[in-house]
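Given these sequences and hints, build the entire structure.
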Amino acid sequence: MSIFEYNGSALVAMVGKNCFAIASDRRLGVQLQTIATDFQRIYRIHDKLFIGLSGLATDAQTLYQRLVFRHKLYQLREERDMKPETFASLVSAILYEKRFGPYFCQPVIAGLGEEDKPFICTMDSIGAKELAKDFVVAGTASESLYGACEAMFKPDMEAEELFETISQALLSSVDRDCLSGWGGHVYVVTPTEVKERILKGRMD
Amino acid sequence: MGDSQYSFSLTTFSPSGKLVQIEHALTAVGSGQTSLGIKAANGVVIATEKKLPSILVDETSVQKIQNLTPNIGVVYSGMGPDFRVLVRKSRKQAEQYHRLYKEPVPVTQLVRETATVMQEFTQSGGVRPFGVSLLVAGYDDKGPQLYQVDPSGSYFSWKASAMGKNVSNAKTFLEKRYTEDMELDDAVHTAILTLKEGFEGQISGKNIEIGIIGNDRKFRVLSPAEVDDYLQEVE
Chain A
1 MSIFEYNGSA LVAMVGKNCF AIASDRRLGV QLQTIATDFQ RIYRIHDKLF
51 IGLSGLATDA QTLYQRLVFR HKLYQLREER DMKPETFASL VSAILYEKRF
101 GPYFCQPVIA GLGEEDKPFI CTMDSIGAKE LAKDFVVAGT ASESLYGACE
151 AMFKPDMEAE ELFETISQAL LSSVDRDCLS GWGGHVYVVT PTEVKERILK
201 GRMD
Chain B
1 MGDSQYSFSL TTFSPSGKLV QIEHALTAVG SGQTSLGIKA ANGVVIATEK
51 KLPSILVDET SVQKIQNLTP NIGVVYSGMG PDFRVLVRKS RKQAEQYHRL
101 YKEPVPVTQL VRETATVMQE FTQSGGVRPF GVSLLVAGYD DKGPQLYQVD
151 PSGSYFSWKA SAMGKNVSNA KTFLEKRYTE DMELDDAVHT AILTLKEGFE
201 GQISGKNIEI GIIGNDRKFR VLSPAEVDDY LQEVE
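Just so you know, the sequences run in chain order A and B. Letter by letter, the first sequence follows residues 1 to 204 in full-length UniProt numbering. Letter by letter, the second sequence follows residues 1 to 235 in full-length UniProt numbering.
Since the hints were derived computationally from the structure, they do not count as laboratory data. Treat each hint with caution, since some may be false.
Claimed, not checked - Under the rule of at most 30 Å between Cα atoms (straight-line distance), these lysine-lysine pairs were calculated in the DSBU-like manner: (1) K142(B) <-> K129(A); (2) K17(A) <-> K142(B); (3) K92(B) <-> K83(A); (4) K195(A) <-> K133(A); (5) K154(A) <-> K133(A); (6) K83(A) <-> K218(B); (7) K102(B) <-> K83(A); (8) K117(A) <-> K50(B); (9) K98(A) <-> K102(B); (10) K117(A) <-> K142(B); (11) K72(A) <-> K89(B); (12) K165(B) <-> K176(B); (13) K98(A) <-> K89(B); (14) K142(B) <-> K83(A); (15) K18(B) <-> K159(B); (16) K92(B) <-> K98(A); (17) K176(B) <-> K92(B); (18) K83(A) <-> K89(B); (19) K196(B) <-> K218(B); (20) K102(B) <-> K17(A); (21) K129(A) <-> K92(B); (22) K72(A) <-> K142(B); (23) K133(A) <-> K196(B); (24) K102(B) <-> K129(A); (25) K117(A) <-> K102(B); (26) K50(B) <-> K92(B); (27) K159(B) <-> K83(A); (28) K129(A) <-> K218(B); (29) K92(B) <-> K72(A); (30) K142(B) <-> K133(A); (31) K72(A) <-> K102(B).
Claimed, not checked - Okay, the calculated beta carbon distance ranges per label pair: (32) D116(A) <-> V62(B): 47 to 57 Å; (33) K154(A) <-> Y178(B): 49 to 59 Å; (34) G113(A) <-> Q202(B): 46 to 56 Å; (35) I35(A) <-> K142(B): 47 to 57 Å; (36) A132(A) <-> H24(B): 51 to 61 Å; (37) E95(B) <-> V194(A): 31 to 41 Å.
Nothing here was measured: the structure is a model prediction, and the numbers come from that model. Heads up, the beta-carbon is just placed ideally off N, CA and C, and yes, glycines get one too.
The structure is reproduced here in structure tokens:
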């Protein structure tokens with residue numbers, strides 16, 4: 001079994017009209033055994049920037065701690081929040097530092113940039129950025145997620161419709177993957193508020 | 001005075017609480033050629049005298065005003081070779097920032113890092129402080145900015161400032177002439193007039209250097225012909 005499939009994960013981010021949504025599953029497993037059903041995979045960097053980390057859970061947690069550290073110092077030095085594009089470049093640089101002994105994580109970054117324009121991107125475990133205008137996926141359920149998102153996505157969805165779409169895409173994809181599931185965790189972010197919701201799906 | 005007994009080691013405080021080497025470095029700056037900077041509403045101008053030791057020197061090979069990044073420029077008063085070293089270090093720091101964040105470095109960050117380098121040379125073994133004060137002019141998301149960095153590593157943001165030989169006259173002149181809503185062209189004229197105040201000899205595009213940055217966020221040094229045009233407008 002690949003190291004990326006040790007814990008199991010599913011992550012997806014989608015762009016809407018002046019908003020974005022980022023969603024993850026909630027299972028934490030050790031190969032075939034489920035050991036937690038409320039595992040947090042999506043982290044808030046600041047109100048308009050979220051990062052989801054799929055892959056090996058220990059690396060995801062450590063990487064998140066390092067990124068928060070860097071961002072806090074940046075905020076103190078520059079007296080402003082990091083833009084999502086800048087943050088993505090930083091994550092890419094940090095991952096590449098470990099080119100020959102990498103973090104076994106695939107990040108999904110979503111945020112509102114200049115003038116609240118939605119920004120999403122993903123990258124591989126050594127920092128190759130992949131920008132997208134519509135959606136990005138990561139994790140053990142990524143192949144199903146690609147299919148579900150491609151089918152369900154429409155451009156310029158409002159926040160409520162975006163929430164429905166991303167939730168359906170997530171739940172239907174994790175149902176086809178034994179290593180991810182046990183519900184969903186969805187953040188829908190608009191320029192004025194952040195809505196966090198828990199989904200109840202097939203609890204297996 | 002007891003101070004002179006402590007002037008041998010730059011890392012030792014004198015009884016009066018000063019680091020004597022830094023005072024001497026400031027003296028080196030004070031006897032350097034005059035340079036000045038003015039922050040306008042829509043840009044920044046920096047200028048300096050360019051008095052060459054002999055008429056045989058090829059003035060086109062000497063450039064005192066340098067770019068640190070496409071949108072930040074710098075001029076100095078004091079020792080030219082020390083300036084070159086600082087420019088090299090600052091350019092590298094700006095590029096490192098860009099490599100990490102893929103964003104142009106904000107002026108305040110670059111100034112702070114350059115000042116940190118200058119401070120390090122006041123607290124390390126076997127080195128001496130830099131014999132230059134810098135005037136850094138840049139335009140970023142916070143608008144036009146002008147900073148002065150001293151050999152001690154302290155930095156200040158200025159609306160208008162001068163350094164070097166004629167500093168007190170120049171500053172008095174700038175205090176009278178400066179207005180908050182000055183446009184870049186007015187600022188260039190004021191800069192030229194300020195330089196003219198203490199200039200020995202005939203001022204021309206060949207013996208002063210002017211660098212400007214406007215809303216386009218591109219710092220550039222004016223050619224001698226452009227400087228002559230501004231000089232004519234001022235006459």
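Evaluation of the provided hints:
Pair hint K142(B) plus K129(A) holds up; C-alpha atoms about 29 Å apart against a cutoff of 30 Å. Straight-line distance between C-alpha atoms of K17(A) and K142(B) comes to about 28 Å, which keeps the hinted pair within the 30 Å bound. Taking the CA atoms of K92(B) and K83(A), the gap is near 23 Å; set against the 30 Å cutoff, the hint holds. For a cut-off of 30 Å, the pair hint linking K195(A) to K133(A) stands: about 22 Å separates their Cα positions.
With a C-alpha separation of about 11 Å, the suggested pairing of K154(A) with K133(A) holds against the 30 Å cut-off. For the given pair, K83(A) sits about 23 Å from K218(B) by alpha-carbon distance, which is consistent with the 30 Å threshold. Simply put, K102(B) and K83(A) have alpha-carbon atoms about 11 Å apart, close enough for the 30 Å limit, and the pair holds. Proximity of K117(A) to K50(B) is assessed by CA-CA distance (about 48 Å); at most 30 Å being required, the pair is judged violated.
Proposed proximity of K98(A) and K102(B) is supported: the alpha carbons are some 19 Å apart, at most 30 Å. Between K117(A) and K142(B) the alpha-carbon distance is near 20 Å, which keeps this suggested pair within the 30 Å criterion. Between the alpha carbons of K72(A) and K89(B) the distance comes to roughly 26 Å, so the proposed pair stays at or under 30 Å and holds. Distance hint between K165(B) and K176(B) is fulfilled; the C-alpha atoms sit about 19 Å from each other, no more than 30 Å.
Between K98(A) and K89(B) the alpha-carbon distance is near 26 Å, which keeps this suggested pair within the 30 Å criterion. Of the pairs offered as hints, the one joining K142(B) and K83(A) holds, with about 15 Å between alpha carbons and a cut-off of 30 Å not exceeded. Taking the CA atoms of K18(B) and K159(B), the gap is about 28 Å. The hint holds against a cut of 30 Å. Of the supplied pair hints, the one linking K92(B) and K98(A) holds, its CA atoms being roughly 23 Å apart against a limit of 30 Å.
Between K176(B) and K92(B) the CA atoms are separated by roughly 38 Å; this puts the pair beyond 30 Å, and the hint is violated. A C-alpha spacing of about 27 Å is found between K83(A) and K89(B), which places the hinted pair at or below 30 Å, so the restraint holds. Restraint check for K196(B) and K218(B): satisfied, since their Cα atoms lie roughly 26 Å apart, inside the 30 Å limit. Pair hint K102(B) plus K17(A) holds up; C-alpha atoms about 26 Å apart against a cutoff of 30 Å.
Distance check on the hinted pair: K129(A) and K92(B) sit about 25 Å apart at the alpha-carbon level, within 30 Å; holds. Note on K72(A) and K142(B): the hinted pairing holds, with a Cα-Cα distance of about 20 Å set against a maximum of 30 Å. A hinted pair counts as satisfied when its Cα atoms are at most 30 Å apart, and K133(A) with K196(B) does not qualify at roughly 56 Å. A distance of roughly 13 Å separates the Cα atoms of K102(B) and K129(A); the hinted pair therefore holds under the 30 Å criterion.
For the proposed pair K117(A) and K102(B), the alpha carbon gap of about 18 Å is at most 30 Å, so the pair holds. For the suggested pair K50(B) and K92(B), the alpha carbons sit about 26 Å apart, so the restraint of at most 30 Å is met. This hinted pair checks out: K159(B) and K83(A) have alpha carbons roughly 29 Å apart, not beyond 30 Å. Distance restraint check for K129(A) and K218(B): the Cα-Cα separation of roughly 29 Å lies within the 30 Å cut-off, and the hinted pair is therefore satisfied.
Proposed proximity of K92(B) and K72(A) is supported: the alpha carbons are some 24 Å apart, at most 30 Å. At roughly 29 Å between alpha-carbon atoms, K142(B) and K133(A) fall within 30 Å of each other, so this suggested pair holds. Straight-line distance between C-alpha atoms of K72(A) and K102(B) comes to about 18 Å, which keeps the hinted pair within the 30 Å bound. For the pair D116(A) and V62(B), the beta carbons lie near 49 Å from each other, so the given range of 47 to 57 Å is met.
Take K154(A) and Y178(B): their Cβ atoms lie about 57 Å apart, and the range 49 to 59 Å holds. With their beta carbons about 53 Å apart, G113(A) and Q202(B) fall inside the hinted range of 46 to 56 Å. Taking the beta carbon of each, I35(A) and K142(B) are about 49 Å apart, inside 47 to 57 Å as hinted. As the Cβ distance of A132(A) to H24(B) is approximately 59 Å, the hint placing it in 51 to 61 Å holds.
E95(B) and V194(A) have their C-beta atoms about 36 Å apart, which keeps the hinted 31 to 41 Å range intact.
Of the numbered hints listed earlier, those contradicted by the structure are 8, 17, 23.
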